[in-house]
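> When you get a sec, could you build the whole thing from the sequences and use the hints?
Protein chains in written order, with my numbering: chain A, 77 to 506; chain B, 2 to 311.
One or more hints might be untrue.
[Stated by the list, open to error] Under the rule of at most 30 Å between Cα atoms (straight-line distance), these lysine-lysine pairs were calculated in the DSS-like manner:
(1) B:Lys120 - A:Lys491
(2) B:Lys211 - A:Lys491
(3) A:Lys165 - A:Lys137
(4) A:Lys79 - B:Lys18
(5) A:Lys94 - B:Lys108
(6) B:Lys89 - A:Lys492
(7) A:Lys491 - B:Lys88
(8) B:Lys208 - B:Lys66
(9) B:Lys115 - A:Lys79
(10) A:Lys492 - B:Lys18
(11) A:Lys79 - B:Lys211
(12) A:Lys491 - B:Lys107
(13) B:Lys208 - A:Lys79
(14) B:Lys18 - A:Lys496
(15) B:Lys66 - A:Lys94
(16) B:Lys208 - A:Lys496
(17) A:Lys94 - B:Lys107
(18) A:Lys160 - A:Lys149
(19) B:Lys108 - A:Lys496
[What the hints assert, rightly or not] If you anchor each label on the Cβ, the simulated ranges turn out as follows:
(20) B:Lys89 - A:Trp315: 21 to 31 Å
(21) B:His9 - A:Ser81: 51 to 61 Å
(22) A:Gln85 - B:Leu71: 15 to 25 Å
(23) A:Leu462 - B:Gln70: 33 to 43 Å
(24) A:Ser81 - B:Glu194: 16 to 26 Å
(25) B:Ile249 - A:Ser504: 51 to 61 Å
(26) A:Gln85 - B:Asn124: 22 to 32 Å
(27) B:Ser58 - A:Phe473: 27 to 37 Å
Hints listed in this document are in silico derivations from the structure and should not be mistaken for laboratory results. Beta carbons are placed, not taken as given, at the ideal position from N, Cα and C, and that holds for glycine.
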Amino acid sequence: MNKISLIIQREFLFRVRKRSFLIVTLLVPLAFAAIMIIPALLASSSGSQKVVVVDKSGFFKGQFRDAKDVYFKFLDNTPLDSIKKNYAKEGYSGVLLIPQIDIERPSGFEYYSEAQASIMLENALTSNLNSAIEKLRMEANGIDKSKLDAIHADVTVDFRNSKDEKKGSSAASFVLGYASGFIIYLMLLLFGTSVMRGVMEEKVNRIAEVMVSSVRPFQLMLGKIIGIAAVGLLQFIIWAILLIGLSMVLPLFLSPDAMHAASQSSNNPQMAEAMQKVSFMMAKINWPLFIGCFLFYFLGGYLFYSSLFAAVGSLANEDASDVQQMTLPVTAPIIISFLIVIKAVADPTSSLAVWASIIPFSSPLVMMARLPAGVPGTVAIWQLLLSMVLLVAGFIFTTWMSGRIYRTGILMYGKKITLKEAIKWIFSKS
Amino acid sequence: MNLLEVQHLKKHYATHKAVDDISFNISQGSIFGLLGPNGAGKTTLLRMITGIFYPDSGNILLNGKPFDQLQDLQYIGYMPEERGLYKKMMVGEQVLYLAQLKGLDKKTAVARIKYWFDKFELNNWANKKVDELSKGMQQKVQFISTILHEPKLLILDEPFSGLDPINSNLLKQEIFNLSKNGTTIIFSTHRMEQVEEICDHIMLVNKGHKILDGSVKQIRQDFKEGLFRIGVGVMPNPAQMATWHFTIVNVENNAYVLKLNPDSTTNDILLHFINQEIPVTYFEEILPSINEVFISQVQRTENLAATQPA
Numbered sequence: 077m078n079k080i081s082l083i084i085q086r087e088f089l090f091r092v093r094k095r096s097f098l099i100v101t102l103l104v105p106l107a108f109a110a111i112m113i114i115p116a117l118l119a120s121s122s123g124s125q126k127v128v129v130v131d132k133s134g135f136f137k138g139q140f141r142d143a144k145d146v147y148f149k150f151l152d153n154t155p156l157d158s159i160k161k162n163y164a165k166e167g168y169s170g171v172l173l174i175p176q177i178d179i180e181r182p183s184g185f186e187y188y189s190e191a192q193a194s195i196m197l198e199n200a201l202t203s204n205l206n207s208a209i210e211k212l213r214m215e216a217n218g219i220d221k222s223k224l225d226a227i228h229a230d231v232t233v234d235f236r237n238s239k240d241e242k243k244g245s246s247a248a249s250f251v252l253g254y255a256s257g258f259i260i261y262l263m264l265l266l267f268g269t270s271v272m273r274g275v276m277e278e279k280v281n282r283i284a285e286v287m288v289s290s291v292r293p294f295q296l297m298l299g300k301i302i303g304i305a306a307v308g309l310l311q312f313i314i315w316a317i318l319l320i321g322l323s324m325v326l327p328l329f330l331s332p333d334a335m336h337a338a339s340q341s342s343n344n345p346q347m348a349e350a351m352q353k354v355s356f357m358m359a360k361i362n363w364p365l366f367i368g369c370f371l372f373y374f375l376g377g378y379l380f381y382s383s384l385f386a387a388v389g390s391l392a393n394e395d396a397s398d399v400q401q402m403t404l405p406v407t408a409p410i411i412i413s414f415l416i417v418i419k420a421v422a423d424p425t426s427s428l429a430v431w432a433s434i435i436p437f438s439s440p441l442v443m444m445a446r447l448p449a450g451v452p453g454t455v456a457i458w459q460l461l462l463s464m465v466l467l468v469a470g471f472i473f474t475t476w477m478s479g480r481i482y483r484t485g486i487l488m489y490g491k492k493i494t495l496k497e498a499i500k501w502i503f504s505k506s
Numbered sequence: 002m003n004l005l006e007v008q009h010l011k012k013h014y015a016t017h018k019a020v021d022d023i024s025f026n027i028s029q030g031s032i033f034g035l036l037g038p039n040g041a042g043k044t045t046l047l048r049m050i051t052g053i054f055y056p057d058s059g060n061i062l063l064n065g066k067p068f069d070q071l072q073d074l075q076y077i078g079y080m081p082e083e084r085g086l087y088k089k090m091m092v093g094e095q096v097l098y099l100a101q102l103k104g105l106d107k108k109t110a111v112a113r114i115k116y117w118f119d120k121f122e123l124n125n126w127a128n129k130k131v132d133e134l135s136k137g138m139q140q141k142v143q144f145i146s147t148i149l150h151e152p153k154l155l156i157l158d159e160p161f162s163g164l165d166p167i168n169s170n171l172l173k174q175e176i177f178n179l180s181k182n183g184t185t186i187i188f189s190t191h192r193m194e195q196v197e198e199i200c201d202h203i204m205l206v207n208k209g210h211k212i213l214d215g216s217v218k219q220i221r222q223d224f225k226e227g228l229f230r231i232g233v234g235v236m237p238n239p240a241q242m243a244t245w246h247f248t249i250v251n252v253e254n255n256a257y258v259l260k261l262n263p264d265s266t267t268n269d270i271l272l273h274f275i276n277q278e279i280p281v282t283y284f285e286e287i288l289p290s291i292n293e294v295f296i297s298q299v300q301r302t303e304n305l306a307a308t309q310p311a
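Structure representation (C-alpha cells):
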C-alpha cells in the first residue's frame with residue numbers, strides 16, 4: 077500500500093510540476109472566457125453600417141426602419157453612376173438598388189458593396205423589403221394592419237413534472253446535459269491518453285523492468301491511474317475557481333456597452349427569452365445531486381477507460397505507430413457514446429438513451445446527458461442506481477483484465493504484439 | 002551456506018521452453034557468473050529470481066526459505082541489461098524514489114545517496130535531468146539505485162557495457178567490495194575475460210538447459226585437453242622431435258604446443274627434451290579459457306540439438 081502511495085505521489089508531482097500543466101490549466105479557462113467575450117467585443121466594435129438606397133419604384137421611402145446597426149439613406153436625385161463611384165468615400169458600406177417593380181411580382185433587387193455583406197446586413201435588407209412589400213399588399217387588398225396584429229397569436233406551453241408540479245425546461249437540460257457529456261468525453265480522452273503515454277514511456281525507456289523488480293505490475297498500473305486522476309481533479313478545481321473568478325471579475329473590465337451587446341448579440345427577442353428561461357431553470361436543477369453524479373461518472377468513466385488505455389500502452393514498442401491502431405477499440409466506444417449523447421439530450425427517454433445510460437461503456441457520458449432532464453422523472457431512480465452499480469462493476473472488471481495484459485505487455489520487447497495475443501494473456505494462467 | 006537455491010525451475014512459453022528444469026546453488030558472498038548465448042533463457046531465469054515472473058514449476062529458496070515475491074523483493078537488487086530510468090526526472094529524486102520503493106525510509110536513503118554520489122562523483126548532477134547525463138553516467142546512477150537498499154542478492158546483467166575503462170574499473174572494485182562485505186552477486190555477461198577475472202563460480206545455459214556449472218578453476222581443469230607449451234632456447238631439428246609421448250599441435254617462435262599422449266606423463270616430455278639436449282626455457286600446461294569452453298560447449302549442444310529430431 078505504501079508503495080502505491082509513493083507511485084501516486086510521483087505521478088502526481090511529476091505532472092503537476094511540469095510547465096505544460098500550468099499552461100494547459102491556465103489556457104483552458106482563458107479559452108472559455110475568450111469564447112464568451114470575443115463575440116461581445118466583435119458585436120460592439122463592428123460599428124454601424126450605412127446603406128444608400130436608390131429606390132426607382134418609389135414604394136419604399138419611409139418604410140425602412142433604421143435598426144441599431146443599420147442606417148438607410150434614400151437618394152433619389154443623384155445619378156446612380158456617381159453613387160456607385162463615391163459611396164465608400166462618403167462613409168457608406170454599400171448601395172441597395174430597387175428597380176421599378178410590380179408589387180405582385182417583385183424582383184431584381186441588388187446590393188453593391190466592396191466587402192462581402194454580412195448575414196446580419198442581409199437579414200436587415202430582406203426583412204425590411206419584405207415587410208414593406210407586405211404592408212403595400214395589405215393596403216392594396218384592403219386589410220387593416222391593426223386588426224391583423226390583434227389576430228396574431230403568440231402562446232407558450234409550460235412544461236411541468238406530473239409528480240412535483242415543477243416547471244421543466246428542455247432547453248436548460250439540453251444545454252447542461254450536452255455540456256457535461258462533452259466535458260466528460262474530453263476528459264476521458266485527455267486523461268486516458270495521458271495514462272497510455274505514461275505507460276508507453278515506461279516501457280520504451282525500460283524503466284518498467286526496474287520498477288517491477290520493486291513493485292507488482294498491478295501496483296505500478298494502479299498508482300499511475302490514480303496519480304493522473306488526482307491531476308485531473310486538481311485541474312477541475314482550479315478551473316472551477318478560475319471560471320467563477322473570471323465571470324465575477326471580467327464584467328468590471330468590459331464597458332457596459334460591450335456587455336449589453338453581448339447579451340443582445342443574438343438580436344432575436346425569442347432567443348433572448350429562451351436564454352432567460354434557461355438561466356431561470358438552471359437555478360431549479362438539483363445541483364448537489366448533479367455535481368455529485370458528475371464527479372462519480374467522471375471518476376467511474378475514467379477508471380473504466382484508463383486501465384484499458386494502460387493495457388494498450390503496455391503493448392507498445394519502439395514504433396509508436398503500432399499503438400495508433402490498438403487505441404481504436406478503446407477510443408471508439410467513447411466517441412460512439414458521445415454520438416449517443418447528441419441523441420440523448422434531444423430525447424432523454426428514448427430506449428437508446430436509457431440503455432446507453434445504463435451500460436458502463438457509455439453510461440459516464442450518456443447518463444450525464446440525461447440527468448439534467450430530471451431525477452426522478454426522466455431518469456428513474458432504479459436506472460441511476462443500476463447504472464452506478466454496473467459502472468463500478470465495470471471498472472473493477474476492466475482494471476482486472478487490463479492488469480493481466482499490462483503485466484505481460486510491459487516486459488514484452490522486440491516483437492509486435494497483436495490484439496489477439498493480448499486477449500489470450502487475460503485468460504492465461506498466472 | 003547457500004543464499005540462493007534454485008530447484009528444477011521451469012518456465013514455458015506458448016512456443017518454446019525458456020527455462021527447462023534448471024537447478025543450481027549460490028553460496029553467500031560469492032560472485033556467480035551466468036553465461037549463455039542470446040536467447041538462452043538467462044533473462045527469464047533472472048526475472049524469476051527477481052520475482053518478476055512466476056515459475057511454472059520448481060522452487061526458489063532464499064536463505065533456505067521459499068522465495069516470497071512480495072516480502073523478499075527488498076533483499077534483491079536487479080540491474081537489467083537494458084537500462085531504464087525516467088528520462089525527465091531529476092537524478093537525485095529518481096534514485097530516492099527507487100530506493101523508497103525498495104522500502105528505505107527517506108532519511109537513510111538521502112544519507113546513502115550522498116555517500117554514493119560522492120564516491121562516483123555525481124554530486125554536481127543530482128539536480129540535472131537524467132537525459133542530460135552521458136550514457137556512462139546514467140549507468141553509474143543505475144548501479145547506485147540498484148545497490149542503495151543494500152540487497153543481499155545483487156543481480157547485474159551486463160553491468161560494464163557502455164563504461165569507459167576508468168569507470169569499469171571503479172565499478173569492478175565496488176563489486177569486489179560488496180562481495181567482500183557479504184553481498185551475493187549474480188553476474189550475467191557475454192564478456193568472458195571479465196568472468197574469469199571476477200567470478201568464483203559460473204553456470205552455462207543454452208536453450209533453457211543448464212550445460213555446466215562449477216568453479217572457474219574446476220571448469221578449466223575439467224575441459225583441459227592435455228595441451229602444454231614448452232619454450233626452447235634454439236629450435237631443434239624436426240627429427241629430434243619424434244616420440245610417442247606427445248604430438249606437436251603447433252610450432253611457435255621458440256616454443257611448441259604439444260598434446261600429451263594419455264599413456265605418458267609430463268615428465269616423459271621433459272625427459273625427451275633433456276635426452277635430445279634441447280635447452281628448455283619454460284614448460285606450462287595450457288588450460289582452456291572460459292571463452293573456449295563456452296564456445297565449444299554451446300556448439301556441442303547446438304549440434305546435439307540439430308541431430309536429434311525435435
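> Does each hint hold? Answer for all of them.
To see whether the hints hold, each was checked on the structure:
Between Lys120 of chain B and Lys491 of chain A, the direct Cα distance comes to roughly 40 Å. Violation of the 30 Å bound is thereby established for this hinted pair. Between Lys211 of chain B and Lys491 of chain A, the direct Cα distance comes to roughly 26 Å. Compliance with the 30 Å bound is thereby established for this hinted pair. Of the pairs offered as hints, the one joining Lys165 of chain A and Lys137 of chain A holds, with about 24 Å between alpha carbons and a cut-off of 30 Å not exceeded. Between the alpha carbons of Lys79 of chain A and Lys18 of chain B the distance comes to roughly 33 Å, so the proposed pair goes past 30 Å and is violated.
A hinted pair counts as satisfied when its Cα atoms are at most 30 Å apart, and Lys94 of chain A with Lys108 of chain B qualifies at roughly 26 Å. As the CA atoms of Lys89 of chain B and Lys492 of chain A are separated by approximately 26 Å, the hinted pair is consistent with the 30 Å bound. For the proposed pair Lys491 of chain A and Lys88 of chain B, the alpha carbon gap of about 24 Å is at most 30 Å, so the pair holds. Restraint check for Lys208 of chain B and Lys66 of chain B: the C-alpha separation of about 28 Å stays at or below 30 Å, so the hint holds.
Annotation: proposed proximity of Lys115 of chain B to Lys79 of chain A holds, straight-line Cα distance about 23 Å (limit 30 Å). Annotation: proposed proximity of Lys492 of chain A to Lys18 of chain B holds, straight-line Cα distance about 20 Å (limit 30 Å). For the hint linking Lys79 of chain A to Lys211 of chain B, the alpha-carbon distance of about 36 Å lies beyond 30 Å, and the restraint is violated. Taken as a hint, the Lys491 of chain A and Lys107 of chain B pair is broken in the structure, with Cα atoms around 39 Å apart against an allowance of 30 Å.
Restraint check: the Cα-Cα separation between Lys208 of chain B and Lys79 of chain A comes to about 36 Å, which exceeds 30 Å; the hinted pair is violated. Between Lys18 of chain B and Lys496 of chain A, the direct Cα distance comes to roughly 21 Å. Compliance with the 30 Å bound is thereby established for this hinted pair. Distance hint between Lys66 of chain B and Lys94 of chain A is unfulfilled; the C-alpha atoms sit about 45 Å from each other, more than 30 Å. With a CA separation close to 27 Å, the supplied pair Lys208 of chain B and Lys496 of chain A stays within the 30 Å bound.
As the CA atoms of Lys94 of chain A and Lys107 of chain B are separated by approximately 23 Å, the hinted pair is consistent with the 30 Å bound. With a C-alpha separation of about 14 Å, the suggested pairing of Lys160 of chain A with Lys149 of chain A holds against the 30 Å cut-off. Between the alpha carbons of Lys108 of chain B and Lys496 of chain A the distance comes to roughly 47 Å, so the proposed pair goes past 30 Å and is violated. A hinted range of 21 to 31 Å for the beta carbons of Lys89 of chain B and Trp315 of chain A is consistent with their spacing of about 25 Å.
A C-beta distance of roughly 38 Å is found between His9 of chain B and Ser81 of chain A, which places it outside the suggested range of 51 to 61 Å. For Gln85 of chain A and Leu71 of chain B, the Cβ-Cβ distance of about 21 Å falls inside the hinted range of 15 to 25 Å, so the restraint holds. Taking 33 to 43 Å as the suggested C-beta distance range, the pair Leu462 of chain A and Gln70 of chain B conforms, at roughly 39 Å. Separation of Ser81 of chain A from Glu194 of chain B is about 46 Å and departs from the stated range, judged on CB atoms against 16 to 26 Å.
At roughly 60 Å, the beta carbons of Ile249 of chain B and Ser504 of chain A sit within the given window of 51 to 61 Å. Look at Gln85 of chain A against Asn124 of chain B: about 25 Å separates their beta carbons, and that is inside 22 to 32 Å. A beta carbon spacing of about 30 Å between Ser58 of chain B and Phe473 of chain A agrees with the range 27 to 37 Å that was offered as a hint.
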